[in-house]
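2 protein chains.
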Amino acid sequence: MKNITVAVAQMGPIQKAETREQVVKRMIKLMDDAKQCGADLIVYPELTLTTFFPRYFMEDQAEIDSWFESEMPNAATIPLFTKAKFYGMAITFGYAELTSDGKHFNTSIFVDKSGSITGKYRKVHLPGHSEYDSNRDFQHLEKRYFQPGDLGFPVYRTLGGIFGMCICNDRRWPETYRVMGLKGVEMITLGYNTPSFNSQKSAEGSEDRLFHNRLVQQAGAYQNSTWVVGVAKAGIEDGHPLIGGSLIIDPGGKIVAEAKTEEDELIVHTCDLDSCIFGKTTVFDFSRHRRIEDYSIITSQTGVVVPKEKDGS
Amino acid sequence: MKNITVAVAQMGPIQKAETREQVVKRMIKLMDDAKQCGADLIVYPELTLTTFFPRYFMEDQAEIDSWFESEMPNAATIPLFTKAKFYGMAITFGYAELTSDGKHFNTSIFVDKSGSITGKYRKVHLPGHSEYDSNRDFQHLEKRYFQPGDLGFPVYRTLGGIFGMCICNDRRWPETYRVMGLKGVEMITLGYNTPSFNSQKSAEGSEDRLFHNRLVQQAGAYQNSTWVVGVAKAGIEDGHPLIGGSLIIDPGGKIVAEAKTEEDELIVHTCDLDSCIFGKTTVFDFSRHRRIEDYSIITSQTGVVVPKEKDGS
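From first to last, the protein sequence lines stand for chains A and B. Read in order, the letters of the first sequence correspond to residues 34 to 346 in our numbering. Read in order, the letters of the second sequence correspond to residues 34 to 346 in our numbering.
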């Protein structure tokens with residue numbers, strides 16, 4: 034048994050005018066509750082510190098940069114680091130990162146119980162588009178404001194296990210989980226801001242969106258025999274609804290805890306990292322069963338190449 | 034609209050003493066019913082023609098080879114081909130293939146409406162083990178009797194669309210779907226013989242097995258925006274129960290039809306291949322969103338390599 038008590042800190046909506054300081058207060062309130070539950074780790078969502086700003090089309094770089102953090106911790110977030118260290122609790126959360134050489138990333142960090150940043154991840158699969166798109170019901174401009182992550186999908190030894198991170202749209206891609214699975218990951222944490230409607234197909238509403246949210250994370254967990262912890266920023270931001278459905282999934286792909294609201298809400302579960310072993314040594318013992326000679330186009334070919342007419346492929 | 038009416042022909046148990054001729058009669062009965070439903074395509078399971086023989090440990094090569102087909106069609110199966118051509122119905126089914134140069138594969142073929150074999154697939158991900166394993170509740174000797182498929186994951190233009198196949202354990206591997214997804218697949222058909230209990234963990238029973246069966250196929254469908262059609266050989270063979278749960282999944286990952294029994298049972302659905310387009314051109318538009326530079330270990334590394342102690346990776 035290698036037990037880790039994980040608190041998933043779903044955040045309700047954050048309005049445009051809310052400050053980082055106000056958000057950090059809400060985060061600390063959830064952390065206080067997590068401490069009462071004996072949490073070793075608290076997991077906050079993608080871009081935790083502000084509203085989901087990629088829904089706004091902006092052209093002024095100073096305005097864009099106002100959503101980014103150029104230091105971490107910084108004045109607004111240091112209380113979070115201080116309290117977590119005081120509690121002896123590891124934390125992970127997402128924020129918009131502006132590097133000293135002017136690069137913009139959608140980032141998450143993992144801070145261990147001693148307050149050290151032991152993991153950093155920058156979102157690889159940026160969804161949406163880079164220019165204003167009048168054919169959409171609303172904008173999703175991540176490809177405008179961020180560049181693709183340049184750290185790959187690292188994993189880290191921390192809390193006695195092997196941890197990895199991804200962010201939001203990354204969770205829809207089986208490659209995300211597989212790369213970390215090949216590094217022996219035992220728990221993947223991820224945050225998301227997922228609109229309750231598909232901007233290009235309004236008939237795809239929250240029920241479908243929650244279904245896909247569960248499906249991809251459950252499959253990623255099962256197929257790599259790893260815990261997966263997904264946490265939402267939820268509720269209605271500036272008229273734009275986001276799904277909740279934060280959840281904890283065991284290495285067999287089963288949901289063991291799931292949020293019920295679209296507000297700030299804590300769900301807690303004690304996860305035995307050793308329960309990853311069975312799958313990793315039997316049906317998903319990669320060394321015995323994977324056939325990489327048949328996978329080559331997965332890494333040699335980005336897009337689709339259809340077979341010629343009247344031809345196989 | 035590019036409609037294909039698909040009949041999924043779940044087969045109930047086939048006992049050891051049943052002959053190919055008896056099985057083909059059952060297959061034709063299902064084909065007759067499929068014709069009444071206007072089917073363009075009928076899909077039969079893995080190793081349709083016999084009991085699931087890899088549960089038996091055999092050492093005598095002649096005994097082993099007695100489960101294999103060295104020609105296709107052959108005397109036992111020609112009535113199937115003849116009837117399908119008469120009906121103008123495409124068919125796909127699995128069988129144990131012995132090649133003229135002595136190779137053994139777990140194979141499935143796709144026969145078009147004119148009776149021509151337009152597609153062949155040989156199972157890549159062989160589960161189980163190659164020697165008698167006294168630690169298992171029962172044997173699963175696919176690695177003993179078959180060699181891994183040597184055809185990759187081909188797709189074929191047929192019935193006005195792009196079709197691919199895989200077999201049983203292949204469906205648990207996201208790479209299977211992705212390789213075909215990268216070739217624009219619109220419908221993947223697959224058969225399975227899945228024991229109702231995990232041979233290495235009897236607490237994992239039919240409910241869990243059916244859950245995993247759905248999960249991996251639904252994820253594969255959604256993540257590649259393709260139809261997935263899975264068909265079981267089901268019921269109790271020689272005291273060994275196999276799950277049913279044959280199903281048809283749409284490109285959004287939703288189950289649109291599912292078998293209710295563990296017997297010979299037909300489920301039918303008209304599938305619009307054009308419903309693949311939305312996913313393939315938006316969230317899963319691979320050319321815009323995949324990041325192959327971050328996937329390299331998926332094809333360069335077969336097994337797990339864990340990070341060193343006190344180190345990232």
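Hints should not be assumed to be uniformly reliable.
Pairs involving identical chains hold if they fit within one copy or between any two copies, as the list cannot separate such chains.
[Unchecked claim] Each computed PhoX-like pair below joins lysine-lysine, with the alpha-carbon atoms no more than 20 angstroms apart:
1) Lys49 to Lys293
2) Lys146 to Lys293
3) Lys35 to Lys313
4) Lys234 to Lys287
5) Lys116 to Lys146
6) Lys58 to Lys153
7) Lys146 to Lys287
8) Lys62 to Lys116
9) Lys49 to Lys35
10) Lys287 to Lys49
Source of the hints: derived by calculation from the structure; they are not laboratory data. Being a predicted model, the structure only gives us computed values, none of them experimental.
Query raised in the report: Can you name, in rising order, the numbers of the hints this structure does not satisfy?
Result: Of the numbered hints given earlier, those the structure breaks are 1, 2, 6, 7, 9 and 10, listed in rising order.
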